[in-house]
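**Q** If you want the building blocks of each chain, they are given just below.
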Amino acid sequence: MSQDKKGGIRRRDFLKIIGVAGGTAAVTGGCSEPVEQLIPYVIPPEGIIPGVPNWYASTCRECPAGCGILVKNREGRAIKIEGNPKHPVNKGASCAQGQAMLQGLYNPDRTRSPLLLNDLGKRRPTGWENAQTLLAEKIDEIRKKGQNGRIVFLSDNVTGTLGALIDDWMEAIGGVHISYETYAYEPLREANKRTFGIDKIPTYNIDKAKYLLSFGADFMETWLSPTYYTTQFSDMHSFRDGSMGKFVHVEPRASLTGVNADEWVSITPGTEGLLALGIANVIVSEGLSQRGGELSGLLGGYAIDKVSEATGVSTDTIRQIAREFSSMQPSLAIGGGTAMTSTNATETLIAINILNYVAGNIGVTIDFGRTLNTDGISPFRDILSLVDSMSDGGVDLLMVYNVNPVFTLPKSAGFEDAISRVPFVVSFSSFMDETTEKAHLIMPDNTTIESWGDFIPSAGIHGLIQPAMTPVFNTKSTGDVILAVTANIEDLKEKYKEASYYDYLRESWKTAYSSQAGLSFDSFWNKALENGGYYSDVQPVQVSLSGGLSGAALPEAEFSGDGDYFLIAYPSYKYYDGRGANKPWLQELPDALSTGVWDSWVEVHPDTASRLGVELGDYVVIESPQGSIETQVYPYPGIRPDTVAVMIGQGHTSYGRYAKDRGVNPVGILPLATDKLSGGFAWFTSKVKLTRTGKHAQFVQTQYTTHQHDRGIAQEVTLTEMQKGLPPVDHELPGFYPPKEYAKYRWGMAIDLQKCTGCGACITACYAENNIPFVGKELVAKRRDMAWIKIERYFEKSDNKAGFETRFLPMLCQHCGNAPCEPVCPVYATYHNPEGLNGMVYNRCVGTRYCSNNCSYSVRKFNWFQYKFPEPLDWQLNPDVTVRGVGVMEKCTFCVQRINYAKDQAKDKGRDVLDGEVQVACAQACGSDAIVFGNLKDPESKASRLSKNERGYKVLHTLNTQSSITYLKKVKWDKA
Amino acid sequence: MSQQTSLTYAKVNEDVIRMLDKPTVKWLALFVPTLGIVGFGLFCFLYQVYTGLGAAGYRHPVYWGVYITDFVFWVGIAHSGTLISAVLYLFRASFRLSIYRISEAMTVFAVLTAGLFPIIHLGRPWFFYWLFPYPNQRELWINFKSPLVWDVFAVSTYLTVSSVFFFVGMIPDIAAIRDRVTEKPRKIIYSILSLGWKGSNWEWLHYTRAYLFFAAFATPLVLSVHSVVSWDFAMANLPGWHTTIFAPYFVAGAIFSGLGMVITLTVPIRKIFSLEEYITLDNYDGLAKLVIVTSLIVGYAYGVEFFMAWYSSNPAEWGQFYYRATGEYALFYWIMIFCNVLIPIPLWFKSVRRNIKALFIISIFINIGMWFERFNIIVISLSRGFDPASWGIYKVSWVEMGITLGSFAWFFMFFLIFIKTLPAVSIAEMKEILPVPRKEANGHE
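Top line first, the protein sequences correspond to chains A and B.
In this text, residue positions in the first sequence follow our numbering: the first is 1, and each later residue adds one.
In this text, residue positions in the second sequence follow our numbering: the first is 1001, and each later residue adds one.
In case anyone wonders, no lab produced these hints; they're calculated from the structure.
As the structure is a computational prediction, the values presented were derived from the model and not from experiment.
Please note that a few of the clues may not be correct.
Computed footprint of chain A on chain B; a stretch qualifies when at least three of its residues, placed anywhere within it, have a C-beta under 8 Å from a C-beta of chain A [as the list claims (entries may be wrong)]:
hint, segment
1, 1135-1149
2, 1208-1216
3, 1234-1244
4, 1288-1297
5, 1309-1322
Derived lysine-lysine pairs resembling PhoX-like cross-links, with alpha carbons at most 25 Å apart [stated by the list, open to error]:
hint, chain 1, residue 1, chain 2, residue 2
6, B, K1395, A, K740
7, B, K1145, A, K695
8, A, K740, A, K306
9, A, K907, A, K724
10, A, K438, A, K193
11, A, K777, B, K1395
12, A, K144, A, K695
13, A, K744, A, K438
14, A, K724, A, K972
By construction, the Cβ of each residue, glycine as well, lies at the ideal position given by its N, Cα and C atoms.
Whole structure, please, built from the sequences with the hints as guidance.
**A** This is the structure in structure tokens:
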């Protein structure tokens, strides 16, 4: 070849080189992430259609409320939790804890296999066979000693089949089953026993009440069944037909429930009972009710002046409450919030029962038919005697299931020392919590989403738990472990015939319910699985006041400690008793009141703070005789100047990377005091000292302002104004361009501020649905949280008794018709779609962030980094939603994936999407039905009708953004 | 230029071309650290690309910060170059003569610096070219409604025009250098750059017309470019940004800061290269008067913004301005007022205008004040938008400071190369005002 002589390059070589070089460039792809292949199922598993989710009805076990859930499974992985609309407790709603259950399932710090502590003090993985044999041997060994009660099974209140199995098993092996609930509500039961002779906790019909008076019952947070009562409250308190119910909350601190009240009445700690009797006295003495005459002797001792002086509540307020309580019938008084449990808790609750009786509420708004299933809960004194017995060497084997007493009991109870003296401790916990740290053998249980089971939260509600996916790790359901261990014990081999706990559960249901509903067991079972359980009606039970009350006395609450401040340790609606702290979604969910995240703080009245010379973010030491904790100050106007409050749930010394060494645990410094009559643990008995440390750090919040600066963001009308009628407002301002036309759909929302309680379930639901990364405290400190929906919280000055009122406003992308973000994007990465959505094309975004600067609502979030989802948390990611990369903008999409899914489904049926077929994640989760999503083009859709409500307004409507979200003004009770 | 000058045609040639001699130790002592700082700036940028834009101090809702401040600052610096060379040329203001070359160079380098920042500040800087309208098979197009697209055009037009203008003005001078240098490589480079200039009458005839034309062409750009930059803000609806005064306000500010930078740059050059006879006190006097004018316009704008905010009785607007003067950033606001409104007041006195030291100090303050003006407009407005729940404070990170420092070094690096390679004072135009040299030998007087 002639070219060769010339040197240089031949045509073929050139092509080869170009081919290889180009190919290499294409494969390595410059700076891009490596290409991931989507591999189709070669042999598709039965029942799985790629892209189509399977839903499994089950029961939530994050708290004792036992709500029904639906678990969404996509291609074998659980990716979303939603409330089960058929379930009588939560009726489709959910809370942040329930939504975050998935981060328990996929928690990277879960115990991945059985672990055995070896002689060197190290935990080593072991096989299930080995672990079961070992436990069986231990049991055998102890049984051979011939003493009963040396084996203790410590669990939470496991109702239903597993509870029965544990009882049965303990009996067989000579052990004791103790049920420990952190929040056991013993005073409530004791008070009912003494007042009505019925040792139960009734169902309160808040929805039927016109007037609700709560004495520290935090029913929107943790009290009994928060989602249930939130939905009821929303019903009772919503503005309809010119009227609405009134809610007055009495507590030394305005809790999340308290700030949702129409009036928050601040009261001297421990005097709620006095106030209740004082109100009852006014009702009886002024003849406001026909009832209660027989109690006039008892009530006569509670003259209004005396009560007013002791409680710090003005006589006017007492009279007003008395009149409203008796006239706005039916009314309801509730009490017994954990944080308010003093040494006189039972007497206080008896007083509240008397008040309800006097007003005629028993049997009307209080239903002793559907009672809570609390019978199994062991009294607190049993826990204390267990501690004693463990310390004295009376326990040879302790099995711990679903409880973490080392963390949830005060240090002064001595559980931690006592458990160290137990020769062999088995933990069934799937997480390395403080109690499990003490265990010799860990046999990790499946989480709710991976196991079979049932749960009976209250009479007539039999919730079923079914696995929605195969276990993530080498864990095993405790029911199965019990069966297997029993089979390993020589003389008990034949005790259980069932091969698995599933069979045992089925058998047990067969025995218990096969007579029900007149179906064959198989169809009954399948129906129960589909419905999430079996629900039966319960007949109301009439109760009457027992005779011995007239002599009842109300002792003063006893507080110990020589400090100046009452310490409220309040249960958290996010972490409950601390169990939620290992879930990053909950850690990153801003507290409704302080908007703090990932940490603890102490709420201090602003006057107290200035007296102490501290301000937001300063550290103080809170000192009780039992110990001290150091945390940051949050000045909060909703607390008495003589009281401070710390949330329970943080301050873990173990429990995984997200919970460990974060915040403080106020329970640790509580004295071991009990309610005198019931013997239940009294949470509110400590007086503490506060000392300034001089240390300061940024208090990490998501909102640094407390009022609206006249911006009219969260608006309000008074009831009088509503009854007079509001002048009609035209939301559409004239524009320069002709109005946009939408063909079939314009997606929009109506948000009723009267209903929003600020609970944050919507936020967590949004994180779960839309693959929103959690970023951690350090980045939230720089305001780089990625939440697409936030709850704005304002404390506005008010003429009410508290001097301020709280307004919550869920803020998310308004999907403006005339969006400020759209024209400024240089590359059309954000644009208006034909259905009114403000679309966001992640691939096209170059990250100028101009859209966010120009967003009047500041709802756009930017990916400052490539955020990570530590394995296996990434298993939870919704395959329908892009995981955003570094350098692009993102924001609420109105769950466009759900809209598209619904449109596809409708198209298959040859029709348009019907109202209610698309439920965005936030609206779906909302327990109070504050968020309603729908098609605004359809005049009949719920969202469309609500948008035309006279209370409707658009946030910042003078900017003429033509937002597709209409907010409905909060309605304020005025003197009308 | 004073009449008593001792300058001659030959001396001008000599003095100007002397500046292009081999780099001295002094020059290297400046240049090497400058390169080092540029390197550090580059490192900061690469670090930011590697970790993500979170390396900068941005936080919700302040999504623009130091980078855009730097961008506007440098575009502003770029302005007086064209003003001095083109506008004053058209007005035949003779005091521009000695300094216009330096200010033109400043313009080009400042635009080169400014142009980096819109890329640096992108979330995905590797896709910066998506802001240009280029044909592609995906049929993706840019959004001409977006002021950022206008920016792309404004800045690139400005870079093109100012570079051409800069280059065309230098042709006769480069030819003069070409004729003087002896080393082969330099001779070749200058020969190419001089485009075969011979200095014939015919060439001069066309050249002067062309130069006039370019001057006329560049003049509107002085107004338009910074107006467009100001619309980046004024087109948004944010309180503090959304105001019609922004275009004239920004243009005046740009000229103000540009004049400041001209003084800052020429004073040391004049000293180092002993150009006292070229850059005279009369020149500075003229510049200082312009400084007073622009300072007054800027000061008026500050006042009017406040008045309008108050007069509108719009809570968001008034809240923004009240916050500027009293909030967390109040220090920056008052630095701006101090530097831009109060500091130039002594310039009303002729003695100050003709005092080089005083001028130099004032010009430094102006540079600082104008940087903070842009920072205040951008950051304080963003910190307090419409919705109080989103308010937040921005804190600058070390990466941003590094890149800002690097940008100054980058600008000075070009400048240092420029004074060693190209004529920093216009030889041809200087000669126009000198007495024509006469032949004395034959005595035909």
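**Q** Please go over all the hints and tell whether each is borne out by the structure.
**A** Against the structure, the hints come out as follows:
Under a criterion of three residues with beta carbons nearer than 8 Å to beta carbons of chain A, the stated coverage of the segment 1135-1149 of chain B is upheld, 9 such residues being counted. As drawn, the segment 1208-1216 of chain B meets chain A at 0 residues by the rule of a beta-carbon pair under 8 Å; below three, the given contact is violated. For the segment 1234-1244 of chain B, the stated coverage by chain A is satisfied: 4 residues place a CB nearer than 8 Å to a CB of that chain, which reaches the threshold of 3. Coverage of the segment 1288-1297 of chain B by chain A is violated. Counting CB-CB distances below 8 Å, 0 residues qualify, and the rule asks for three or more.
Proximity of the segment 1309-1322 of chain B to chain A, defined as three or more residues with a beta carbon under 8 Å from a beta carbon of that chain, is established by the 3 residues found. With a C-alpha separation of about 40 Å, the suggested pairing of B:K1395 with A:K740 is violated against the 25 Å cut-off. Of the supplied pair hints, the one linking B:K1145 and A:K695 is violated, its CA atoms being roughly 51 Å apart against a limit of 25 Å. At roughly 66 Å between alpha-carbon atoms, A:K740 and A:K306 are farther apart than 25 Å, so this suggested pair is violated.
Restraint check: the Cα-Cα separation between A:K907 and A:K724 comes to about 46 Å, which exceeds 25 Å; the hinted pair is violated. Among the hinted pairs, A:K438 with A:K193 is inconsistent with the structure: their alpha-carbon atoms are about 38 Å apart, more than 25 Å. As the CA atoms of A:K777 and B:K1395 are separated by approximately 17 Å, the hinted pair is consistent with the 25 Å bound. Our distance criterion of 25 Å between C-alpha atoms is broken by A:K144 and A:K695, whose separation comes to about 58 Å.
Among the hinted pairs, A:K744 with A:K438 is inconsistent with the structure: their alpha-carbon atoms are about 62 Å apart, more than 25 Å. For the given pair, A:K724 sits about 14 Å from A:K972 by alpha-carbon distance, which is consistent with the 25 Å threshold.
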